[in-house]
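Produce the complete structure using the sequences and hints provided.
Same order as they appear, the protein sequences are chains A and B. The opening residue of the first sequence carries number 1 in the working numbering; numbering runs sequentially from there. The opening residue of the second sequence carries number 1 in the working numbering; numbering runs sequentially from there.
Hints were generated in silico from the structure; no laboratory data involved. Treat the hints with care, as some may be off.
From chain A, some residues computed to sit far from chain B (all C-beta separations above 10 angstroms) [claimed, not checked]: (1) A64; (2) P82; (3) I153; (4) D234.
Computed Cβ-Cβ distance ranges for the label pairs, DEER-style [unchecked claim]: (5) A/G245 / B/V304: 32 to 38 angstroms; (6) B/L53 / A/S31: 49 to 55 angstroms; (7) B/I312 / A/I30: 34 to 40 angstroms; (8) B/R319 / A/K191: 19 to 25 angstroms; (9) B/F92 / A/S31: 20 to 26 angstroms; (10) B/T90 / A/V158: 43 to 49 angstroms; (11) B/T172 / A/S74: 26 to 32 angstroms.
Covered by chain B, according to a simulated footprint, are these stretches of chain A (three or more residues, beta-carbon under 8 angstroms) [unchecked claim]: (12) 39-50; (13) 128-140; (14) 282-292.
Please read all numbers here as calculations on a predicted model, not as lab measurements. Backbone N, C-alpha and C fix where the C-beta goes; we use that ideal spot for every residue, glycine too.
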Amino acid sequence: MTAVATTTPVAVRRTKRIRWQRVVLHLFLISLAIVWLFPLLWVVYTAFRPYSDTAGPDGYVSIAKTLTLDNFTSAWNGAQLPQKFLNTLIVAVPAVIVTLFVSSMLGFVFSRFSFKLNILLLMLFTAGNLLPPQVIIVPLTKLYLFLPLPKLISDNGVWYDQYFGLIAINIIFQTGFCTFVLSNYMKTLSKELVEAALVDGASVWTIYRKVILPLCRPALAALAVLEFTFIYNDFFWALFLMKSGSKRPVTSGLNDLQGAFFTDNNQLAAAALLVAIPTIVVYLVLSKQFVRGLTLGSAKG
Amino acid sequence: MSGPIASGASAPSGPPTGGAVVQPRRGRKYSLLTRRDKTTLALMVGIPTFLCLFFIWFPTIVSVLLSFTNWRGISAITSENFVGIKNYVTLFTTYPFFWPAVAHNLLWLLFLSFIATPIGIFVAVLLDREMRGTRIYQSAFFIPVVLSLAVVGFIWQLMYTSQGFINSVLGTNGRDNTIDWLGNPSLNIWAVLVAASWRHVGYVMVLYLAGLKSVDPTLREAAAIDGANQRQTFIRVVFPVMRPINIVIIVITVIESLRAFDIAYIINRGKNGLELLSILIVNNSLSEASLIGFGTAIAVVLLVISLVPITIFLVRTSRSSAADQI
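Structure (structure tokens):
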């Protein structure tokens with residue numbers, strides 16, 4: 001009892017100190033967050049101002065006299081952004097779907113069946129995903145120029161400079177990461193499930209399709225969001241495997257903007273912002289999925 | 001049906017007979033598979049494995065082979081194209097951009113490891129508590145992560161150009177006194193590293209925060225009862241149990257520094273102070289010079305360095321999956 005009596009004033013002092021600490025913490029976090037968002041906010045501010053407004057003696061650090069959407073419309077039309085956004089969809093949508101399909105099958109086999117080669121194969125895929133893509137780009141470009149592809153899906157008869165080729169390399173490269181995540185996820189599912197289904201005479205395919213896939217829905221949703229962003233953000237593959245500017249997705253299309261808008265920072269800002277908006281919106285709407293996708297991958301590995 | 005499974009271990013092994021009949025062999029799982037099931041499994045694994053080998057590992061091996069040639073990519077390769085280790089000798093001794101590129105990649109690694117990563121961990125520790133607005137703070141730090149490095153390059157150009165924000169604030173946006181952040185070869189690598197860190201911090205923060213949330217709360221309670229303060233609890237108790245996440249973050253940081261490409265390429269094609277191994281590969285091999293042999297020699301150097309973090313990661317993963325099966 002005496003102990004309780006003596007600790008009470010200390011506890012009061014403690015809560016006061018904690019409250020004061022909280023205020024300092026919030027002030028610190030708010031200022032850091034503002035510093036962090038500043039470059040992005042600066043782009044937004046610049047993009048809404050006409051060039052004439054920023055050409056004065058004070059340059060860009062001045063109060064805006066007029067705000068306009070002109071930069072967005074001219075960037076949108078001048079840089080062929082509608083076509084490039086369409087290209088992004090043409091590449092990213094099938095790539096995400098096939099990547100998830102393939103890696104869920106791989107994850108299923110690696111996590112549910114203890115074949116001797118499993119760990120080795122999982123390593124093969126994971127290592128492939130971790131490899132810097134620049135290591136293979138030179139032979140891959142030559143391979144793409146050489147490999148035939150039916151005229152139906154390729155206007156030049158090879159894999160190079162084709163949507164198909166770009167989709168394929170994105171799938172192959174991303175499968176490693178998704179397989180890793182999904183096989184870890186599937187290991188957490190009950191082992192008896194598959195055995196019971198096998199005993200009931202279900203085929204492996206039925207088990208994959210009817211038992212495992214539905215249970216993996218949360219992980220698949222998280223990965224779909226994450227993979228869409230990864231592929232949307234791909235700069236490197238499209239830059240070197242897609243030669244025609246008109247067929248490039250929007251992120252690698254940024255590379256072509258450099259020349260077109262070099263003198264006009266305001267239009268550059270508007271274009272960069274237009275390219276950034278989809279991923280920011282995806283994150284703000286689906287932030288839970290997004291973060292879960294990232295952390296699933298690191299939870300065990 | 002359960003009888004053969006139970007006696008599976010003692011049953012003689014034999015070739016699969018097909019049909020839905022139980023086929024007892026080594027493990028229980030094999031025993032229930034029909035021939036059709038085995039075909040399904042073989043296809044599920046076989047096709048992706050073939051594609052992965054053909055499009056990733058085959059080009060990797062070809063890169064190694066090409067690095068011993070002086071092939072320019074036009075005519076067929078003959079035995080005369082093989083020049084031994086000449087490309088490597090040139091690379092290490094006379095090529096002026098190789099060692100600067102190595103230094104820049106190393107600087108990239110050190111900067112991300114000792115500046116960006118600790119900031120990310122620090123922010124995660126600050127945010128790991130019951131607090132109002134923690135989601136908003138998280139989003140603020142995480143938004144740069146969802147942007148592509150190419151967009152990050154553009155965003156920071158607006159900060160760094162002669163009319164950009166930094167020069168304007170410093171009053172150096174005139175003609176003579178402007179600080180050429182992106183053009184000055186002794187400054188631009190630092191400018192780019194700040195931009196790269198802007199994105200890396202959020203990445204580390206979100207990974208670390210997830211790790212912190214999964215730390216058993218009783219550990220902290222125990223530490224608090226033992227009289228440890230917050231700092232001691234973090235350093236002595238939390239940080240050690242976060243080992244798996246720490247390793248993931250180290251691997252990610254190393255890989256990101258080796259892959260570094262987009263920002264520098266967007267800013268000036270990786271020239272004049274922004275040389276990186278990844279960019280030298282494409283500038284030599286996929287440019288008009290078309291020095292395929294020489295470029296792939298750089299690729300092999302990058303490959304060998306990359307295999308270090310990749311191996312660390314794989315050894316760790318295989319250990320933990322071996323532990324799972326026990």
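Now for the hints, and whether the structure bears them out:
1. A64: holds (14 angstroms)
2. P82: Given a closest Cβ separation of 18 angstroms, the condition holds.
3. I153: About 17 angstroms separates A/I153 from the closest Cβ of chain B, which puts it past 10 angstroms; holds.
4. D234: violated (8 angstroms)
5. A/G245 / B/V304: 32 to 38 angstroms: holds (35 angstroms)
6. B/L53 / A/S31: 49 to 55 angstroms: Because 51 angstroms falls inside the window, the suggested range holds.
7. B/I312 / A/I30: 34 to 40 angstroms: holds (38 angstroms)
8. B/R319 / A/K191: 19 to 25 angstroms: Cβ of B/R319 to Cβ of A/K191: about 21 angstroms, so the range 19 to 25 angstroms holds.
9. B/F92 / A/S31: 20 to 26 angstroms: violated (47 angstroms)
10. B/T90 / A/V158: 43 to 49 angstroms: Given range 43 to 49 angstroms: violated, Cβ gap about 32 angstroms.
11. B/T172 / A/S74: 26 to 32 angstroms: Cβ of B/T172 to Cβ of A/S74: about 30 angstroms, so the range 26 to 32 angstroms holds.
12. 39-50: Held - the stretch 39-50 of chain A has 5 residues with a Cβ nearer than 8 angstroms to chain B, which meets the minimum of three.
13. 128-140: Holds, because 12 residues of the stretch 128-140 of chain A bring their Cβ atoms closer than 8 angstroms to Cβ atoms of chain B.
14. 282-292: holds (count 6)
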